[in-house]
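Protein chains in written order, with the working numbering: chain Z, 1 to 632; chain S, 1 to 77; chain G, 1 to 129.
By construction, these hints were calculated from the structure, which means they are not laboratory data.
All values reported here derive from a predicted model rather than from experimental measurement.
One thing to keep in mind: the hints can contain errors.
[Said to hold, decoys possible] Simulated coverage check for chain S against chain Z, where a stretch passes if three residues somewhere in it have a Cβ under 8 Å from a Cβ of chain Z:
(1) 6-19
(2) 37-46
(3) 67-74
[Claimed, not checked] Below, in silico cross-link-like pairs of lysine-lysine (DSSO-like), each with a Cα-Cα straight-line distance of 30 Å or less:
(4) S:54 with Z:299
(5) S:54 with Z:152
(6) Z:408 with S:54
(7) Z:362 with Z:299
[To be verified] Below, a sample of chain Z positions facing chain S; criterion: calculated Cβ distance under 8 Å:
(8) 232
(9) 235
(10) 244
(11) 460
(12) 461
(13) 516
(14) 519
Glycine is no exception: its CB is placed at the ideal position from the N, C-alpha and C atoms.
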Amino acid sequence: MLYGYAGTILDVDLTSGQVAKTPLPENLARDYIGGRGFVARLLWERVSPGTAPFDPENLLIIASGPLSGHLVPASGKTHFGTKSPATGGYADSNMGGHFGPALKYAGYDVLLLTGRAPEPSYLFIEDDTVELRSTEGYWGRGALTVEEKLKKELGDEFKTITIGPAGENLVRFACISHDFGRQAGRTGVGAVMGSKNLKAIAVKGTGGLPVFDVDGLYEKGREAYEKVKAKPGFAGWTPEGTAGITDWVNEVGAFPTRNFQTSFFPAYKNINGRAVVEHLKITDKGCFCCPTPCGKYGKTVTNLGSAYVEGPEYESIAILGGDCTLDSVEEVAYANHVCDELGLDTISAGGVSAWAMECFEKGILSEEQVGRKIRFGDLESVVYLLEKMAVREGIGDLLAEGVMRASKELGQGSEDFAIHVKGLEWTGYESRNAPGMMLAYLTADIGAHHNRAWALGHDVAGSAASVHDLISAGGSKGKLAKSRVGGQAKNVIELQHIRPLFDCLGVCRLQYMELGFEVENYEELFFLVTGRKMSWDELLEVSERIWHLTRAFSAREIEEFGRKCDYPPPRFSEEPVPDGPNEGHFLSREELDTLLDEYYAARGWDQTGIPTDETLRRVGLADVADALAPGK
Amino acid sequence: MRITLHFSGGLRAVLAHLPEEPTIHMDGPASLREILVQAGINPLLVVLITVDGKRGEKDQVIDHDARINVVGPMAGG
Amino acid sequence: MELRAIHERCSGCRACELACALANFREMNPAKSALGIEGRFPAPGDYRIHLCDQCGACAEACPEDAITLEDDAYLIDPELCTGCLTCVDVCPHGVMYVHAGTETPIKCTLCGACAEICPREAIALEGGA
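So here's chain Z without its partners, still in its complex pose (with noise of 0.2 Å):
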């Protein structure tokens, strides 16, 4: 008996329609836990080596975890993973809201579709129902709209993810939306959903969940939403959400800047928390069972329109604000709303964007190629760009394409300063002077993304000048000594296990991360959801397989996979940031490669950044050892 999960996969192949459920074997809990580890074996297990992101034969993997739906703290957490049409390899990404735990009370941990529908369909799911319908008048709406459709005509208790314009025209960073405002926003999940010809799903569960031990769990519950609101950073942390951190990136200079040429941002304070909340903000909005809601809900009015929006939250703040120097925070929310509807994730569409900007000023792109002027700071560029861009039209082509693609057409140096890692586009922590954060994207297994391993904080505790220094510098307008560069792999490995745990478990991490709210409680809750005693280490031990099976999913469905592809973008080291509090630092290629180089000694991969078949057994991947070894 399975504890805590719903107990069955639903396997749906949106070719013929066909459904079946299948019950969710009690090895994939006991060694992938749930969510991303469930995506993460069940793609290396069932997409066929080769598949290409947009064949039918792809998977779209919908999952939650065993302690998503129940009464613990943040536990609406899903998790979405596919091939990655912007990377080529492995693909995943969370989701907040509501969504995980509809699924469950339907009665499924696992959604995964295969195929693709002969015609543009969304999927309803009303506990045993489970069928595809038309999407007459839905197919090219926004996903907000499509949402906003769904509810009244099925009611409100039905919860959704939708695709926008962006999805169903294949733009490779299209995102799944949900909720109003809450995104699987990287890698082009939304993509592949499009590439299904499917719109939405709509899900109503009435079920229960077996727990086992209830009535310890509801104990145990209860102390753990005192014990959330009990921790000094509770009431502080929650008004302004992640927007919270926009003025400590600048001081630390971290902020991406105007396509990240430099890393701050001197008009930071028209867009940061308090500006948020201040100009903006109706509504604190969170996920399922969340103690503290992030979700900053309002309502933007610039001279291009109103519009009401979740956001900005700390990574559009930082792409569509700073990266692309939008510097009123209504803009920048006005443009957040663009990409919702639209269904953008706004740290691509915003990276691409400043991409094209730049290439403008340089006149890489001419005004006829683009079809008008642009401009860094204008908000009609922006929304010119996120615009074309969602339905391939003009420029819009190219510009689907993320930047690893599009400046590889265009040439002209443009690569130089196209910012990703893998083809997927650079999230808000402009990294020259900080080298663990910076080893974080360069090996983040889905590309450059900060969530796997945000090491900032331990830069800056390493660069940061002396109290004394700083007293005498003027405070914040002081300049940071170089951080030094050779020891961070151990601490970025170490991240890299204990934040993607969260995404197996199915709940968020902001309470651990945030207040400080303990595992230990995360051990107790886990027991009494699930019956099994795992302690943390433990947990972490599975975290650290998964870790080692998204690399190799990647190695073997990307040619000439590995090192090669953990490089960050030439404008880090060849051209050092020009101002702000880390004027004058870059990485060197020595810097980078002695970071890669102790982080693959570390992880057990070889020099070439593959994991060896030494480690992949320890790790208790035989079968992954077996398929990568040489001559297979």
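Chain Z is fixed; fit chains S and G onto it per the hints.
Relative to chain Z, chains S and G alone:
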């Protein structure tokens, strides 16, 4: 003024010998930045600071006894 | 004693729905809760908490006199309930719930589990002994 400081686990992970909840005394009104420096903390290490439960900004001046929660650089992302 | 909703504090988390079902049914199933959280999106962009205010309309309408006031709450006697669902139809707040797994409609018992769990203090249990 009597200032009670609470330092987050993240801050103490970086500054190994920091106590969890010290009290310091300031002679007169001081900015949060100055209070941090007095307590031996580089303000650049502080991601979030709250005063009596409400979010504060580093240049904000405190002129009364207060309880200050200092969150160090592990928070984020 | 009564429950009061402070709508503007609600973040839509629905921990209250889980706590209600746990307290009244010992089940992890928000579909068995006696209150409902409604999101009003895209506009005005907030939540409404649909609570029972013990108005007694259900008791008045029940043809079997199966719903009676005990202390401050109207409760359904499962021995007398025939499942006619008249109470569900007349409830002015839409907080009498039907679930295939229960013999009687699901109704608020004023246990206060929702107020206790709410991390936003959006539900208050007020008055009483």
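Here's how the hints hold up against the structure:
1. By the rule of at least three residues with a Cβ nearer than 8 Å to a Cβ of chain Z, the coverage given for the stretch 6-19 of chain S holds, with 6 such residues.
2. Only residues whose beta carbon comes within less than 8 Å of a beta carbon in chain Z count, and the stretch 37-46 of chain S has 8; three or more means the coverage holds.
3. Interface restraint, the stretch 67-74 of chain S with chain Z: holds (5 residues with C-beta to C-beta distance below 8 Å; minimum three).
4. With a C-alpha separation of about 24 Å, the suggested pairing of residue 54 of chain S with residue 299 of chain Z holds against the 30 Å cut-off.
5. Of the pairs offered as hints, the one joining residue 54 of chain S and residue 152 of chain Z is violated, with about 39 Å between alpha carbons and a cut-off of 30 Å exceeded.
6. Distance restraint check for residue 408 of chain Z and residue 54 of chain S: the Cα-Cα separation of roughly 49 Å exceeds the 30 Å cut-off, and the hinted pair is therefore not satisfied.
7. Proximity of residue 362 of chain Z to residue 299 of chain Z is assessed by CA-CA distance (about 36 Å); at most 30 Å being required, the pair is judged violated.
8. For residue 232 of chain Z, the shortest C-beta to C-beta distance to chain S is roughly 4 Å, which falls under 8 Å, so the interface hint holds.
9. Of the supplied interface hints, the one on residue 235 of chain Z holds, with its beta-carbon coming within about 4 Å of a beta-carbon of chain S, less than 8 Å.
10. With a least beta-carbon distance of about 6 Å to chain S, the hint placing residue 244 of chain Z at the interface is held under the 8 Å criterion.
11. Checking residue 460 of chain Z against chain S: minimum C-beta separation of about 5 Å stays under 8 Å; hint holds.
12. The criterion of a C-beta within 8 Å of any C-beta in chain S is met by residue 461 of chain Z, whose closest approach is roughly 4 Å, and the hint holds.
13. Because the smallest distance between the Cβ of residue 516 of chain Z and any Cβ of chain S comes to about 5 Å, under 8 Å, the interface hint for this residue holds.
14. Checking residue 519 of chain Z against chain S by beta carbon gives a least distance of about 11 Å; that is not within 8 Å, so the hint is violated.
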